[in-house]
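Protein sequences appear in the order of chains A and B.
Under my numbering, the first residue of the first sequence is numbered 13, with each subsequent residue one higher.
Under my numbering, the first residue of the second sequence is numbered 12, with each subsequent residue one higher.
Keep in mind that the hints were calculated from the coordinates and are not lab data.
A portion of the hints provided could be inaccurate.
In silico negatives: residues of chain B with every beta carbon more than 10 Å from chain A [as the list claims (entries may be wrong)]: (1) Thr-23; (2) Ala-28; (3) Ala-38; (4) Gly-40; (5) Lys-79; (6) Thr-82; (7) Ser-83; (8) Thr-120; (9) Pro-123.
Among chain A residues calculated to face chain B with C-beta under 8 Å, some are [claimed, not checked]: (10) Tyr-45; (11) Asp-68; (12) Leu-103; (13) Ser-107; (14) Asn-115; (15) Glu-116; (16) Gln-117; (17) Phe-119; (18) Gly-120; (19) Pro-121; (20) Gly-122.
Each residue gets a CB set at the ideal place from its N, CA and C atoms; glycine is no exception.
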Amino acid sequence: EAEVAQSPRYKITEKSQAVAFWCDPISGHATLYWYRQILGQGPELLVQFQDESVVDDSQLPKDRFSAERLKGVDSTLKIQPAELGDSAMYLCASSPTQAGGYNEQFFGPGTRLTVL
Amino acid sequence: GDSVTQMEGPVTLSEEAFLTINCTYTATGYPSLFWYVQYPGEGLQLLLKATKADDKGSNKGFEATYRKETTSFHLEKGSVQVSDSAVYFCALGHFGNEKLTFGTGTRLTIIP
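One chain only, chain A, in its complex shape (with noise of 0.2 Å):
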């Protein structure tokens, strides 16, 4: 069964250092979304892109985040300088796009951040 993909599964920095993350959607799936959870909270979206094009990053911290999808296939997820409140669970999520019907996403497993 196909899966997304997410790399590494735990990342422990320390504030002010860079962090990335990747993710690998669902073959064919042109819709990827990364999230934010913390812990005891729900996750909440950061990006979402369509094919390469960003659709809306209305909740990304762009002045340390940022996110790319170049070939509009795998992304890539970066925090530069990292900071101790950035410590999260960072999911992605992939839905294919197919007219008339809700397309549902399908999560990896997440990347788990700590910040020292």
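Fit chain B to the known structure of chain A by using the hints.
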């Protein structure tokens, strides 16, 4: 803007007990409603969904009915098992813009 409110946890039940996890929402238009489940160390999995008023979503013995008049989508199961222990998230999305708005999650623990 859209928002989802879930009953606060954690919830602890004995095996074979009846489960209800409350979920209410605020949204413009006619959203689709979802329950996702997150098992330890794993990503979110879609448990069930409903796309219009009075629809009932069901899966693995869980059910939820889309109640537009009370803006609710409560999750129920008649007889829980230890394997149901997980965190459950209520969420909503809109057709044509499928980003999801999640509740805070409810941790469920089932004891034998």
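Against the structure, the hints come out as follows:
no.: 1; hint: Thr-23; verdict: 17 Å, holds
no.: 2; hint: Ala-28; verdict: 24 Å, holds
no.: 3; hint: Ala-38; verdict: 14 Å, holds
no.: 4; hint: Gly-40; verdict: 13 Å, holds
no.: 5; hint: Lys-79; verdict: 17 Å, holds
no.: 6; hint: Thr-82; verdict: 17 Å, holds
no.: 7; hint: Ser-83; verdict: 17 Å, holds
no.: 8; hint: Thr-120; verdict: 15 Å, holds
no.: 9; hint: Pro-123; verdict: 26 Å, holds
no.: 10; hint: Tyr-45; verdict: 7 Å, holds
no.: 11; hint: Asp-68; verdict: 6 Å, holds
no.: 12; hint: Leu-103; verdict: 6 Å, holds
no.: 13; hint: Ser-107; verdict: 6 Å, holds
no.: 14; hint: Asn-115; verdict: 5 Å, holds
no.: 15; hint: Glu-116; verdict: 6 Å, holds
no.: 16; hint: Gln-117; verdict: 7 Å, holds
no.: 17; hint: Phe-119; verdict: 4 Å, holds
no.: 18; hint: Gly-120; verdict: 5 Å, holds
no.: 19; hint: Pro-121; verdict: 5 Å, holds
no.: 20; hint: Gly-122; verdict: 6 Å, holds
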